[in-house]
Amino acid sequence: MFSGVFDHLMLGFTVALSMQNLLYCFLGCFLGTVIGVLPGIGPVATIAMLLPITFNLPPIPALIMLAGIYYGASYGGSTTAILVNLPGESSSVVTCIDGYQMGRQGRAGPALAIAAMGSFFAGCVGTILIALFGPPLAELAFEFGAAEYFSMMVLGLVAAVVLASGSLIKAIGMIIVGLLGGIVGTDVNSGIARYSFGVSELSDGIGFVSVAMGMFGFGEIISNLGQTAETKSIEVSQVHTLMPTIDDIKTAIGPTVRGTLLGTIFGILPGSHTVIASFSSYTLEKKLAKDPSRFGKGAIEGVAGPESANNAAAQTSFIPLLTLGIPTGAVMALMVGAMTIQGIAPGPQVMTQKPDLFWGMIASMWIGNLMLVILNLPLIGMWVQFLKIPYRILFPSILLFIAIGAYSINNSEFDVYLAAFFGFFGYYAAKWGCEAAPMILGFVLGPLMEENLRRAMLISRGDPSVFFTRPISCGQLLVAFALLLMVVLPQFQKKREILAEADD
Amino acid sequence: MFSLLRVAIPLMALVASAAAETYPAKPIRIVVAYTPAGTTDILARAIGQKLTEAWGQPVIIDNRPGANGNIGTEYAAKSTPDGYTLLMTTAAPHGINPGLYRKLGFDAVKDFAGISLVATVPNVLVVNNTLPVKDVRELIAYLRANPGKLNFGSPGYGSTGHMSVELFMAMTGTKMAHIPYKGDAGVLADLMGGQIMLSLSNMPAYTPQIKAGRVRALAVSTAKRSPAAPEIPTMAEAGVPGYVTVAWFGLLAPAKTPRDIINKLSAETARILKMPDVYTRLADLGAEPVGSSAAEFDAHIKSEIVKWAKVIKDANVELQ
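Residue numbers (our numbering), protein chains in the order written: chain A, 11 to 514; chain B, 40 to 359.
Hints should not be assumed to be uniformly reliable.
Stretch by stretch, here's where chain A covers chain B in the computed footprint (C-beta under 8 angstroms, at least three residues) [claimed, not checked]:
1) 106–118
2) 220–227
3) 237–249
Hint data in this document are derived by calculation from the structure and do not stem from the laboratory. In this text, a Cβ means the ideal position worked out from N, Cα and C, and glycines have one as well.
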């Protein structure tokens, strides 16, 4: 089996290393990095805009370039998160928490470097996994029905409670605000619009990107404007180290490996779970940490884990697409479109009928990851300089990019106003000590959770025992319950700390 | 007064024909009420590219997705009727939705003028491989023996996939439970995984899995067999005579767009759809190019609205 894979990889590298394919791979990675850095302008909008251009390209370079844009964006998304607390991509929301704090302590360089290295590691592992176990891994996704997804969301939400570094009550409050906001829109079972108040733009729900950009980017700018001039200049002058220390790297290895593993699993499952992957990784690291109180204050594990997780997920989400022809999210749906335009029907036959395309893409992903790390590491110096831009120039430019990004999602001004609204909301929430991250997770998971709960109940004809009789679902609920116990019971929390110390 | 009219009428005709002669003098925009890379979007881009080549003016595709196509359709209905904003529509906003929604922001007939019916796509009846039926007759027998037991998936409430099964159940006197998804990808994954057992939705999404033997196709919904998969019988051949549903895609303009601009667009669209490369691209999608006249398309829309309203009423589908 492995010698077969070797032959296939040889074929793949022969294809991917041709001058033309290398060029398009680089172009894709470069574009991806750029749009990843620009807040709001995500891979979905970019790939959609570039689709017509791919009409005139041969299929392999076209798909190599589009894939590069996607994983390049998940690479670049962390940059603005760390520098200005603005998630360039939705999957970088968690990176804001500790990455931005590291930046404020003058450690933006190490944060960026760890993010890039973690992403590279995750990308390599993801690629190898696709090559070795792509088809059997894709079959695994069939074990996941509505009940399993629902239980996974429950686990995710419980994890969000654990994620909060401040008050537990406020975190739960923010999750509920997020869940309520996520309910707005057309009910999938009856098609009836809920809480849309007759506004047709609300009938498809509140755009997640507008919320995230508003809460983090907009809100951060407003609160920065409220500070005095001296506090601002201190932050900027503190930028000194560019590269992480040996200790930093040692601390980051564990989270990177675990994040990669988590991301790999979430990537294969349908439904674009890169966000959940990064949130889960953060929670896991916080739980495993000897001193969880460092999280939220610039813990390097909080950058390494989630960034590896989201890049691994970006990589492995190609598995269901390439081996089965099933898109797991919006970007993968666009890839299906791109393949269709090229006259390739995505499906299980692609691997056997077009091995040069299948293995060429896999090889190009590895090459692309290498290009990205080479592209990104030297850029760190430049990005850090970015922090020295005076606020009177930086803030209006960020605002402009948020506005463009929000507009580009649906070509609608409404999303720009939404981002502005959530900006004010985010500002006040921060003042009241309520964190944005749990709300964002509630926002993303709420609708998915409801959809799967109701689907599971429809399929079981209203019998709730399905959640416990199906082993994967039951296991996830048990883990969620255990996590909840840890948070809720203070004695348990203490006992756990003593145990952790005894282990040393 | 009378003499003034005598001058004015030819003058107006002159202005109108001059509009068609100089049309298009600036970029044309085609609104697509669905996300990029879906069938509607790909068709709009294919036509747009050829219009650009023919007339030397860029054609911009403007994706305004959401609410079963209603958001983009409403937007197009309210655009300036000068021939520079067009709409690529589907059987949802201009077939099902008028009968399904109590309140719509547009009138599918009065607010639009048809340009051309661009293409049709069959729906295909597919079942999970473990379901013990080999053809439609066995399926009907199975459904009658197990009423309400089977689950069918659809890409959304009110989609052609949903309504096609409602029509099937109404015509065969059978009953299944509806499990709605957001798009065909979710339906396909759960159909292959056995979470649901049946689907009757737009064929292109299912063709690769049918050819790979991962799901079993029992019938196509069109009156004739599909050239993309001629081995699959029609619903009538398989035992449900009179059953026909078609997913279709067509080009429209806002109602008051000058008639000669519409005719010019209609003739050009029909010409484009006869080009061999366009034909191949559509065939690869599983779509059949049509290229009807403007009047034929207007009549098609009217008949579709009547047909789906009847299905909605007969099947007792809840209005929105």
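How the hints compare with the structure:
Under a criterion of three residues with beta carbons nearer than 8 angstroms to beta carbons of chain A, the stated coverage of the region 106–118 of chain B is upheld, 5 such residues being counted. Residues of the region 220–227 of chain B lying with their CB closer than 8 angstroms to a CB of chain A number 6, which satisfies the three-residue condition for coverage. Counting residues of the region 237–249 of chain B whose beta carbon lies closer than 8 angstroms to any beta carbon of chain A gives 4, which meets the minimum of three for the stated coverage.
Checked against the numbered hints listed earlier, the structure breaks none of them; every hint is satisfied.
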